[in-house]
Amino acid sequence: MTDAFSTNSELVLQRVLDVTAEKDVHCGNLDEHYQIKATCHFINDHQFKKKNVHPGWTIVLFCSILQALFWPLFVLSFDIRHRNLIVNTLDISSCCVDEVAAEHVGADCIVHYGRACLSPSRRLPLMYVFERKPVVLETCVSSFRELYPNRQSHVILLYDVNYDHINDDLLALLSSEYPNISASTLHVDGELCYSHGETHGQHNVSSSQCQNGDQVVQQFGRQFVLKSGQTIEDYSVFFIGHEGATMTNFMMTWNRCSFCSFDPVTMTGRTESISINKALMKRYYAIERAKDASVVGILVGTLGVANYLTIIEQLKETIHRAGKKSYMFAMGKLNVAKLANFLEIDIYVLIACPENSLLDSSEFYKPVVTPFEMEVACNKKREWSGEYVTDFRDLLPGGSKHVALANPDDLEDGDETDVSLITGALRMTRFSSREPVSSSHDSSLVLRNQALTVANANTAATFLAGRSWQGLEQKLGETPVVKALEGRKGIAIAYEEEPTIDRDH
Numbered sequence: 292m293t294d295a296f297s298t299n300s301e302l303v304l305q306r307v308l309d310v311t312a313e314k315d316v317h318c319g320n321l322d323e324h325y326q327i328k329a330t331c332h333f334i335n336d337h338q339f340k341k342k343n344v345h346p347g348w349t350i351v352l353f354c355s356i357l358q359a360l361f362w363p364l365f366v367l368s369f370d371i372r373h374r375n376l377i378v379n380t381l382d383i384s385s386c387c388v389d390e391v392a393a394e395h396v397g398a399d400c401i402v403h404y405g406r407a408c409l410s411p412s413r414r415l416p417l418m419y420v421f422e423r424k425p426v427v428l429e430t431c432v433s434s435f436r437e438l439y440p441n442r443q444s445h446v447i448l449l450y451d452v453n454y455d456h457i458n459d460d461l462l463a464l465l466s467s468e469y470p471n472i473s474a475s476t477l478h479v480d481g482e483l484c485y486s487h488g489e490t491h492g493q494h495n496v497s498s499s500q501c502q503n504g505d506q507v508v509q510q511f512g513r514q515f516v517l518k519s520g521q522t523i524e525d526y527s528v529f530f531i532g533h534e535g536a537t538m539t540n541f542m543m544t545w546n547r548c549s550f551c552s553f554d555p556v557t558m559t560g561r562t563e564s565i566s567i568n569k570a571l572m573k574r575y576y577a578i579e580r581a582k583d584a585s586v587v588g589i590l591v592g593t594l595g596v597a598n599y600l601t602i603i604e605q606l607k608e609t610i611h612r613a614g615k616k617s618y619m620f621a622m623g624k625l626n627v628a629k630l631a632n633f634l635e636i637d638i639y640v641l642i643a644c645p646e647n648s649l650l651d652s653s654e655f656y657k658p659v660v661t662p663f664e665m666e667v668a669c670n671k672k673r674e675w676s677g678e679y680v681t682d683f684r685d686l687l688p689g690g691s692k693h694v695a696l697a698n699p700d701d702l703e704d705g706d707e708t709d710v711s712l713i714t715g716a717l718r719m720t721r722f723s724s725r726e727p728v729s730s731s732h733d734s735s736l737v738l739r740n741q742a743l744t745v746a747n748a749n750t751a752a753t754f755l756a757g758r759s760w761q762g763l764e765q766k767l768g769e770t771p772v773v774k775a776l777e778g779r780k781g782i783a784i785a786y787e788e789e790p791t792i793d794r795d796h
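Counting in our numbering, the sequence shown runs from 292 upward without gaps.
I should point out that these hints are in silico values taken from the structure, not numbers from a laboratory. One thing to keep in mind: the hints can contain errors.
[Said to hold, decoys possible] Derived SDA-like pairs: lysine to any residue, alpha-carbon spacing no greater than 25 Å straight-line:
(1) Lys569 x His533
(2) Lys607 x Lys624
(3) Lys607 x Ala621
(4) Lys607 x Lys569
(5) Lys607 x Lys692
(6) Lys624 x Ala695
(7) Lys582 x Thr601
(8) Lys424 x Leu477
(9) Lys671 x Asn598
(10) Lys629 x Gly762
(11) Lys657 x Met619
(12) Lys624 x Glu604
(13) Lys582 x Ala695
(14) Lys672 x Glu635
[To be verified] Ranges between beta-carbon positions, derived for each pair:
(15) Ala752 x Gly677: 47 to 57 Å
(16) Leu302 x Asn598: 45 to 55 Å
(17) Arg442 x Val627: 24 to 34 Å
(18) Tyr575 x Gly689: 24 to 34 Å
(19) Ala783 x Val627: 39 to 49 Å
(20) Asp336 x Lys518: 33 to 43 Å
(21) Val556 x Ser653: 21 to 31 Å
(22) Ala783 x Ala621: 32 to 42 Å
(23) Pro470 x Thr559: 20 to 30 Å
(24) Ala783 x Gly689: 31 to 41 Å
(25) Tyr618 x Gln305: 43 to 53 Å
(26) Gly778 x Tyr618: 34 to 44 Å
(27) Arg413 x His332: 17 to 27 Å
(28) Glu608 x Leu717: 41 to 51 Å
Every residue gets a Cβ at the ideal spot worked out from N, C-alpha and C, and that includes glycine.
All chains, please: the whole structure from these sequences, using the hints.
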């Protein structure tokens with residue numbers, strides 16, 4: 292009877308699995324493909340803890356790279372003091388560097404393999420190793436010529452990180468025919484970030500001016516140059532890579548540019564026909580939902596991107612100024628079941644890297660918006676203009692898209708009447724000029740407008756009081772007290788006191 296409800300553990304060792312190798316797995320020179328020697332030199336050159344890498348580490352790295360063929364997205368954390376190699380799978384997002392997990396094991400540096408969003412890291416020395424996937428240059432150049440028959444076209448070349456190694460060769464083939472082409476290069480932000488043999492300094496601005504008047508744009512870990520007198524709206528973008536979060540992030544940010552792409556796997560090029568206006572209208576609908584919301588949940592989706600604590604505090608202040616209540620949630624990968632546990636939350640705002648901020652929340656019970664969308668909904672001085680910001684660092688003071696909140700001295704506590712574009716009903720928006728009330732003791736009573744008027748500000752408690760079912764009833768004093776009795780022993784399918792069944796009959 293037991294075998295009918297469970298599986299014999301020995302069958303797991305005897306099971307035969309059919310494994311199909313991926314078509315794009317590189318089987319050539321693994322040392323060059325995954326930069327194994329460069330990784331060892333990175334550790335030796337920096338002399339972490341004044342110790343060098345043991346020669347046997349090359350073998351350990353080689354074995355770890357073989358594992359990358361089946362689990363291509365992981366982090367190698369090196370603890371030089373104990374000569375340990377820790378392989379960490381990322382539980383928040385595979386493109387972000389998990390610095391917190393590396394610090395928990397006392398690692399001195401991090402080597403990040405696989406796809407990366409190139410978000411800046413500040414805590415530990417970091418090296419990126421991108422899988423150098425092959426590209427047929429002749430096919431790529433041919434697709435480029437078909438998509439851009441005008442040789443005077445202004446085009447920006449953008450790559451997925453796995454195809455950046457073809458930058459020089461592709462530019463050499465196209466620059467003679469297309470004089471107005473601008474090729475991007477990877478520019479990892481942060482003095483502790485190491486990639487392609489270079490260490491770049493920190494940059495707080497997204498663009499700067501060259502001596503000849505050309506404009507240098509640095510965003511999303513890429514750097515490219517715009518000619519003098521030209522803006523990015525005057526350029527078209529040619530993206531090399533597969534359709535995914537990286538290209539979507541580019542298209543939403545530079546939504547006034549036309550996009551073409553070339554997929555090295557299928558070796559086909561096409562003009563991206565995705566309706567940016569339709570996508571922006573969908574995001575604006577989320578902004579209207581944020582305006583209607585009274586309780587906001589702040590989802591912390593990253594612990595590795597720099598300045599994530601600063602944007603949390605800024606969001607708390609912005610939400611409070613708009614008269615809304617906020618709660619903070621720290622969790623790993625998001626799913627419908629997790630967020631469905633908090634029915635009192637009207638809307639969520641996700642703090643993540645630019646490539647993971649645009650979460651499709653159509654399956655969730657409550658919408659999930661970005662920090663930029665929440666600011667449009669709550670900051671009176673920020674207006675919707677059609678431009679979109681996916682990097683929350685641009686919203687911080689000193690960022691290129693920062694809009695300060697209204698001066699508290701110029702505001703008076705009160706209600707403003709608005710019309711919801713979703714329900715058509717009147718919407719009361721309360722703007723507060725005071726700082727959030729902070730206390731060491733939890734309380735649902737706060738003062739309003741400096742008067743002795745008492746209001747219930749604990750939204751979660753109010754929501755619970757209004758529910759028809761508030762949990763199991765305690766029935767204090769109504770339940771008789773009995774002595775503890777010995778329960779059953781064993782497992783659910785075979786308790787000890789149950790009669791055994793003879794399987795031979």
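Evaluated hints:
1. Lys569 x His533: holds, 22 Å
2. Lys607 x Lys624: Holds, at about 22 Å.
3. Lys607 x Ala621: holds, 15 Å
4. Lys607 x Lys569: violated, 30 Å
5. Lys607 x Lys692: holds, 18 Å
6. Lys624 x Ala695: Violated, because 31 Å separates the two Cα atoms, which is more than 25 Å.
7. Lys582 x Thr601: Cα-Cα ~23 Å, so holds.
8. Lys424 x Leu477: Status holds; Cα separation ~16 Å.
9. Lys671 x Asn598: holds, 24 Å
10. Lys629 x Gly762: holds, 19 Å
11. Lys657 x Met619: holds, 15 Å
12. Lys624 x Glu604: holds, 22 Å
13. Lys582 x Ala695: OK: lysine 582 and alanine 695 at ~19 Å, within 25 Å.
14. Lys672 x Glu635: Cα-Cα ~28 Å, so violated.
15. Ala752 x Gly677: 47 to 57 Å: Violated: the Cβ-Cβ distance is about 40 Å, outside 47 to 57 Å.
16. Leu302 x Asn598: 45 to 55 Å: holds, 51 Å
17. Arg442 x Val627: 24 to 34 Å: Roughly 51 Å apart at Cβ, these two residues miss the hinted range, so it is violated.
18. Tyr575 x Gly689: 24 to 34 Å: Taking Cβ atoms as reference, tyrosine 575 and glycine 689 lie about 27 Å apart, which means the hint holds.
19. Ala783 x Val627: 39 to 49 Å: Check failed, 28 Å falls outside 39 to 49 Å.
20. Asp336 x Lys518: 33 to 43 Å: holds, 37 Å
21. Val556 x Ser653: 21 to 31 Å: holds, 27 Å
22. Ala783 x Ala621: 32 to 42 Å: Once the Cβ atoms are compared, 34 Å apart, the range 32 to 42 Å for alanine 621 and alanine 783 holds.
23. Pro470 x Thr559: 20 to 30 Å: Because 27 Å falls inside the window, the suggested range holds.
24. Ala783 x Gly689: 31 to 41 Å: Given about 59 Å between the Cβ atoms, the range is violated.
25. Tyr618 x Gln305: 43 to 53 Å: For tyrosine 618 and glutamine 305 the Cβ distance comes to about 50 Å; the hint holds.
26. Gly778 x Tyr618: 34 to 44 Å: holds, 38 Å
27. Arg413 x His332: 17 to 27 Å: holds, 23 Å
28. Glu608 x Leu717: 41 to 51 Å: violated, 26 Å
Violated hints, in rising order: 4, 6, 14, 15, 17, 19, 24 and 28; the structure is consistent with all others.
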